[in-house]
Each structure stands twice: as C-alpha cells, then as structure tokens.
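Participant: Can you build the whole structure from these sequences, using the hints too?
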Amino acid sequence: MKKLFALFTFALLAVTAPAQAAPGAALVEEQYKAALSRLTQDVRQAPSPTEKREILQRFVNGMQDGLQKAENLESIQESDRETLRSVAGRFQAYKAELDGTDGYDRVADADLDGFAGYVQQGMEQAPMGGGVYLSGTALIVILLLLIFLL
Amino acid sequence: MRLFGRFTGPLSILKGLAALCPWTAALLAVSCAPASKGVPAMALPPTETSAAAPLPIRFQFIYVVHGDAGYTWHDSTGGRHSADLEALDQAARVARQSPAAEVFIFHQKPKRFLGLFPGADGALSIYRHGRLIGSRKYDRPDRDPPLAAEARLFHALAAGHNGRTGTGRVEARVFAYFGHEIPANPGKAYSRSRSDTGFAIDSFAQGLGLFASHGNGDEGKPFELVILSSCHGGTPGATRALAPYASWLLAVPGELHLSYLDTRALSDMAERADAGTPPLEAGEIGTWGRIIASESFERLKKSTVTEVTLALYDTERAAAWLEDRQGRSEGGDATGIAAASAPSEPAVHRDCGNDPGFGAGGEDAGVMVFHQAPRFGRDKTKVFLSGWECRVAAKAE
Chain X
1 MKKLFALFTF ALLAVTAPAQ AAPGAALVEE QYKAALSRLT QDVRQAPSPT
51 EKREILQRFV NGMQDGLQKA ENLESIQESD RETLRSVAGR FQAYKAELDG
101 TDGYDRVADA DLDGFAGYVQ QGMEQAPMGG GVYLSGTALI VILLLLIFLL
Chain L
1 MRLFGRFTGP LSILKGLAAL CPWTAALLAV SCAPASKGVP AMALPPTETS
51 AAAPLPIRFQ FIYVVHGDAG YTWHDSTGGR HSADLEALDQ AARVARQSPA
101 AEVFIFHQKP KRFLGLFPGA DGALSIYRHG RLIGSRKYDR PDRDPPLAAE
151 ARLFHALAAG HNGRTGTGRV EARVFAYFGH EIPANPGKAY SRSRSDTGFA
201 IDSFAQGLGL FASHGNGDEG KPFELVILSS CHGGTPGATR ALAPYASWLL
251 AVPGELHLSY LDTRALSDMA ERADAGTPPL EAGEIGTWGR IIASESFERL
301 KKSTVTEVTL ALYDTERAAA WLEDRQGRSE GGDATGIAAA SAPSEPAVHR
351 DCGNDPGFGA GGEDAGVMVF HQAPRFGRDK TKVFLSGWEC RVAAKAE
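In order, the protein sequences belong to chains X and L. In terms of my numbering, the first sequence is residues 1 to 150. In terms of my numbering, the second sequence is residues 1 to 397.
These are calculated hints, taken from the structure and not from any lab test. Treat the hints with caution; some may be incorrect.
Straight-line C-alpha distance at most 30 Å; calculated BS3-like pairs for lysine-lysine [claimed, not checked]:
#, chain 1, residue 1, chain 2, residue 2
1, L, K302, L, K188
2, X, K69, L, K188
3, X, K33, L, K301
4, L, K301, L, K382
5, X, K95, L, K380
6, L, K382, X, K33
7, L, K301, X, K95
8, X, K33, L, K221
Facilitator: Set out below in structure tokens:
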C-alpha cells in the first residue's frame with residue numbers, strides 16, 4: 001500500500017511539479033507530519049525503553065543520512081539544498097542527544113516518550129512545512145525517505 | 001453559517017428564498033456579489049434598525065488568519081488539527097461572547113481549491129454585539145499590498161467608528177494575526193498558492209496602517225494591541241516596524257507551536273455591554289495584553305515540550321530603548337538591531353541579550369517576558385531574559 005502511494009505521488013508530482021509545486025508540497029507535508037505523529041505513537045506504545053530507543057534511532061539516523069545524501073544531489077536547487085541542510089542539522093542534533101554524544105546528555109529511558117514528542121513538535125514548527133517550499137525533486141526525496149523509514 | 005452564494009442554483013430558487021426572508025435576501029445579495037469588485041453594502045439585521053437606542057460598540061477586534069500554507073499539526077494522541085481552522089473557531093468564540101464589540105474575522109485561503117480550481121481567496125465573517133451579521137468571500141489581488149483587501153472591507157463595513165449604530169469613539173482596537181513567521185525581508189513567497197514574495201514585516205506593518213481611521217476623532221495609532229501569533233515575531237526589527245501602529249505588541253521571540261496563542265480573554269474585556277460601565281483606563285489595555293499572554297503561556301506550557309517564549313511590549317518604551325542602543329551594539333547586524341534588512345544567509349535565532357552591547361532588555365525596556373526552556377536540546381538550561389531574539393549567522397554558533 002505504501003509503495004503504491006509512493007508511485008501515485010511520484011506520478012502526481014511528475015505532472016505538477018514543473019509548473020507549480022503547491023499541490024505536491026501540500027501532499028508531502030501532510031504525509032511528513034502524519035509520519036512524525038506515527039513515530040511518536042509508535043514510541044509511546046513500544047513495550048520497553050530498548051524498543052523505544054531503537055525506533056527513534058532508526059528514524060533519526062535514517063532521516064539524517066538520507067537528507068545529507070539528498071543535499072549532494074545535482075538536481076537539487078540551491079534554496080532546497082539549504083533547507084535540507086537545515087533539517088539534516090536538526091536530525092544530527094537529535095541523534096547526538098539520543099546517543100549522548102557531541103556534548104549532549106544521553107536521553108534517559110524515562111524521557112524517550114517526551115523526546116519523541118520533542119522531535120515531532122520541533123519538526124512541525126520548523127521552516128520546512130512552515131513557510132519554505134521545496135521543488136518537486138526535493139519533495140520526492142523527502143517522501144521516499146518517509147516511505148522507507150516508516 | 002454557510003455562504004449562501006457558494007451554490008448559485010437556478011435564479012427562481014433564489015428569488016423564492018428572497019421573497020420569504022428579507023434578512024436572507026440581504027445576505028444573499030452580499031454573498032452572491034462578485035468578490036472585491038467594490039464593496040456592496042451589508043444590510044444590518046432588522047433589530048438593529050429599530051427605534052430603540054443602539055448599543056454602543058466599544059471595541060473592535062480584527063482577526064486575520066492565514067491559511068494558504070501548511071498548518072497541520074498532531075497532538076499527543078495522534079489527533080490531527082488544522083491550525084488556521086482552529087484559530088477561526090477561537091475568533092468566532094470570542095466574537096460570540098463579546099456583546100460590546102464588533103469583530104471582523106478574515107481567512108486568507110489558497111487561490112485555487114485543491115490547487116486546480118480558481119476561486120476567491122478570502123472569507124470574511126462579521127459579528128456585532130455577539131451575533132454573526134454576515135459572511136462573504138473576497139479576493140486578494142496579487143498587485144495589492146498586504147492587508148489592503150482586508151482594510152478596504154473593514155472601512156466599508158465597520159460600524160464602530162462612523163456612527164451608524166450611534167456609538168461614540170471606540171475604546172480599543174485589537175488586531176490579531178495567525179500564521180507562519182512573517183519574514184524579516186522580502187524575497188520568498190509566503191503563501192503556497194501566490195507569488196507574494198514582497199510580504200515581510202515592513203509591508204505587514206504598513207498594512208496595519210491601512211486600518212487607521214482618519215477624522216471622526218480617531219487619531220493616533222490604529223491599534224491599542226497587536227497580537228502576532230506566529231514564530232519569530234519578537235525581533236527588534238519587528239518591534240520597530242510595528243511600534244507606529246500599536247501601543248502594545250504581544251509576540252513570540254522564538255518558535256511557536258501551531259496550537260497558537262489564546263485570545264479568549266478579549267471577550268472578558270468586551271463583556272462591558274452596558275453603556276453605564278466606565279471606559280477602559282489609560283494603560284488598561286496593557287493589562288489585558290498581559291492576561292492574554294499569561295493564559296497563552298500556561299496553555300502552551302502544558303502541551304509543548306519545545307521552548308515557549310512570549311513577550312508583551314510597551315511599544316513606545318521598547319522602541320525608544322532599541323533606538324538608544326542602535327549605535328551601542330558591538331556587532332550591529334549580528335544583534336539584529338537592523339533586522340529589517342538582516343542578511344538572508346543561514347542563521348539561527350538567539351536571545352539578543354547574549355550580546356553584551358545589547359543590554360538586558362526585559363522590564364527596563366518595557367518588555368514583559370514569559371519563558372519556559374525546552375525539555376531537550378542545548379537550550380534546556382538557558383534562560384531568555386531580554387524579550388528579543390536576534391538572527392545570528394549559523395557559522396557563529
């Protein structure tokens with residue numbers, strides 16, 4: 001089902017993105033925020049801190065790696081590259097705090113639910129999806145990342 | 001209340017409805033009228049034209065809710081919310097509970113339905129004495145400066161200052177904006193369906209000036225209180241830009257969760273329907289601004305784990321304080337004192353008080369700060385004191 005959705009979205013974006021990214025942007029943003037919400041629910045419902053942490057690490061690591069790779073794609077516009085870099089930077093910080101590296105205190109087991117909410121709320125308020133719009137290519141990148149991570 | 005003009009239907013049906021109800025006829029005439037091609041008169045409900053002495057309109061509240069962007073958020077249970085629609089609900093609730101007020105609620109919508117079908121990109125609802133008296137669509141032409149279409153409708157339809165309901169001078173006007181961060185500089189499109197690359201804090205402030213009433217004894221700043229329910233509205237540049245148009249400013253020097261600020265205290269202020277109650281005292285609007293800030297802060301604290309910072313500015317004092325420090329700061333641009341023309345390279349926002357040259361700000365500068373640090377992140381141990389945030393180059397971090 002998710003793969004079918006990805007194919008449908010890709011087709012829609014291929015048609016609309018060159019002319020106007022607005023419909024595609026709305027679609028991807030909805031999916032992006034829904035994915036963040038599902039992440040938070042999955043963490044809350046995980047039965048043990050070990051599983052909660054694994055869910056978060058898989059998501060944060062995957063987003064950071066994927067966004068950093070996307071920044072280097074030649075087809076990405078410069079304005080999109082800046083946005084992707086900014087978002088990748090946020091995920092780098094989330095990863096560091098989750099793992100307790102780069103001067104951060106490691107997120108305690110008891111705080112993992114709260115940390116998932118922190119990631120979700122931070123991303124909902126962040127410039128991507130909050131006023132800065134991406135081209136079709138960048139939208140596809142984000143969507144594919146979400147599809148394969150969740 | 002549905003917009004009757006949305007479904008045109010056969011003319012005969014409309015004529016039949018018009019024959020049955022004069023009020024419906026008036027609303028149909030307004031809502032079926034072409035959007036923005038002049039401003040047709042909006043008929044008042046029959047009770048307001050009776051022989052009884054008209055109730056005074058002592059307050060005017062103008063809400064502008066931006067909806068042409070991504071405003072979805074999810075709560076802790078996974079429930080989906082639309083920030084703009086909930087802001088409209090909040091505004092309507094305030095309007096219904098404000099018997100001494102006239103309330104304009106503007107919704108700025110996408111230009112095209114589902115991105116494909118053209119349509120009016122604005123919707124207006126007007127309340128008077130707690131009752132909805134009419135709704136209509138309107139257009140926001142691309143060539144118009146920000147808030148021009150809304151200001152035109154306000155001047156054409158407002159009753160509060162031109163004696164149509166026999167009132168005296170309006171005691172307080174409040175403007176509340178709900179939307180994403182208003183850019184410090186023009187250049188990037190603000191809305192999803194428009195090329196509004198010229199929208200920035202300076203042009204927004206000038207748009208507030210379009211609501212000013214001239215003559216009729218309404219001199220001075222157009223608003224007693226402006227509420228900016230948007231991210232990063234608490235910069236020195238924003239304060240300086242808005243100071244000429246508002247005596248008090250409630251803004252957020254930081255990121256704001258999409259659950260927005262809570263303006264419901266405005267209806268407490270506007271409960272003064274009895275003509276015998278005394279007018280607001282000098283400075284009392286500041287007290288109401290503090291109440292709105294406090295109630296918003298308490299609600300946001302409970303529901304968010306990211307940073308929550310609100311600031312209420314006495315704009316005259318705050319602008320003078322900033323002016324005094326304009327030349328004192330060590331790194332002019334880095335502190336954001338000239339934020340209206342701040343650089344557009346990648347930047348982060350930090351408490352302006354981190355710059356020793358900026359000064360402590362806060363109450364000495366006429367700013368009341370409400371702050372809760374984020375539960376995680378590097379800023380979880382920091383305090384925010386000055387009430388202003390400045391853009392600092394990301395490389396400086």
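Participant: Kindly indicate which numbered hints from before are broken by the structure, ordering the numbers from low to high.
Facilitator: Failing hints, ascending: 1, 8.
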